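Novice: Sequence:
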Amino acid sequence: MHVLLLKEPREGGSGPDPYIKELASRGHKATLIPVLSFTFVSLNTLSDKLFQPEQHGGLIFTSPRAVEAVKMCLEDDERTEQWNKDIKDKWNAKSIYVVGKATAALVGDLGLIPLGEDTGTADVLSRLILQREDTNILPLLFPCGSIKREVLPTALRENGVPLDTLMVYQTAQHPDLEKNLKNHFTEQGVPASIAFFSPSGVKFCLETVRRLSGEQLKQIKFAAIGPTTADAMTAEGLSVSCSADKPTAEHLATGIAKALQ
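Residues in the sequence shown are numbered from 4 upward in steps of one, following my numbering.
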């Protein structure tokens, strides 16, 4: 059966997207349509902060895009050399918190040692941070996007753990989203299942999906990458057939395969 994945392509990886691969191994053909586009901002400020690790108590990454912003700060040869020589070790002496395996892998590529890759959500990560940190630490540096959720900052603030939040990318709707969706529905027909990967994906796609599906909307098995996205779908009146137990390709593919049986 045909599955439509409304997500960004795999970060810098070669070969097939892991979600497409996992669904194929379960006998389902998947297509990926990118939903979001990103513009990076404040990279000079981020660079200054990255190269003064003594000013912060640690780092927090809740998205692959935030790690990409760090990577962009290290593109200069001199900076890369300095980073590898001693800066990354200074950060590794502190805690580097991450949500999810994809972000953890990218953090590892920077030579940093990630903590919390199994947390899966910002809510669970904030609990891990609160278990490990106390209120007299230096602020944790949190590079994030323009539409981050407030769960983690609120939890840390309420418990007195200092946070230095810096917006390093802005999120907008992908310029070709509507055109790509229309082409897909025209060529492939209405998908058996549609998977959403973020609340903003729900916001940007749903109206078009509803219009293109028409009467067949009720037959589509809608899937969510996790509880936050599932909540956004439910709020829009969608019936969520499955929500991945963990935000991984394997868990989502398993849920979709079960829903399509």
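Hints are computed from structural coordinates only; laboratory data are not their basis.
The structure presented is a predicted model; accordingly, all values stated were derived computationally and were not measured.
Check before you lean on any hint, since a few could be wrong.
What the hints assert, rightly or not - Each pair of labels, with its calculated beta carbon distance range: (1) 142 / 74: 32 to 40 Å; (2) 80 / 192: 30 to 38 Å; (3) 185 / 238: 20 to 28 Å; (4) 163 / 239: 29 to 37 Å; (5) 34 / 217: 17 to 25 Å; (6) 112 / 181: 30 to 38 Å; (7) 176 / 29: 41 to 49 Å.
Built from N, CA and C at the ideal position, the CB exists for glycine as well.
Novice: Confirm or reject each hint.
Specialist: Each hint, compared with the structure:
1. 142 / 74: 32 to 40 Å: Cβ of residue 142 to Cβ of residue 74: about 22 Å, so the range 32 to 40 Å is violated.
2. 80 / 192: 30 to 38 Å: violated, 51 Å
3. 185 / 238: 20 to 28 Å: holds, 25 Å
4. 163 / 239: 29 to 37 Å: holds, 36 Å
5. 34 / 217: 17 to 25 Å: holds, 19 Å
6. 112 / 181: 30 to 38 Å: holds, 34 Å
7. 176 / 29: 41 to 49 Å: With a Cβ separation near 30 Å, residue 176 and residue 29 fall outside 41 to 49 Å, so the hint is violated.
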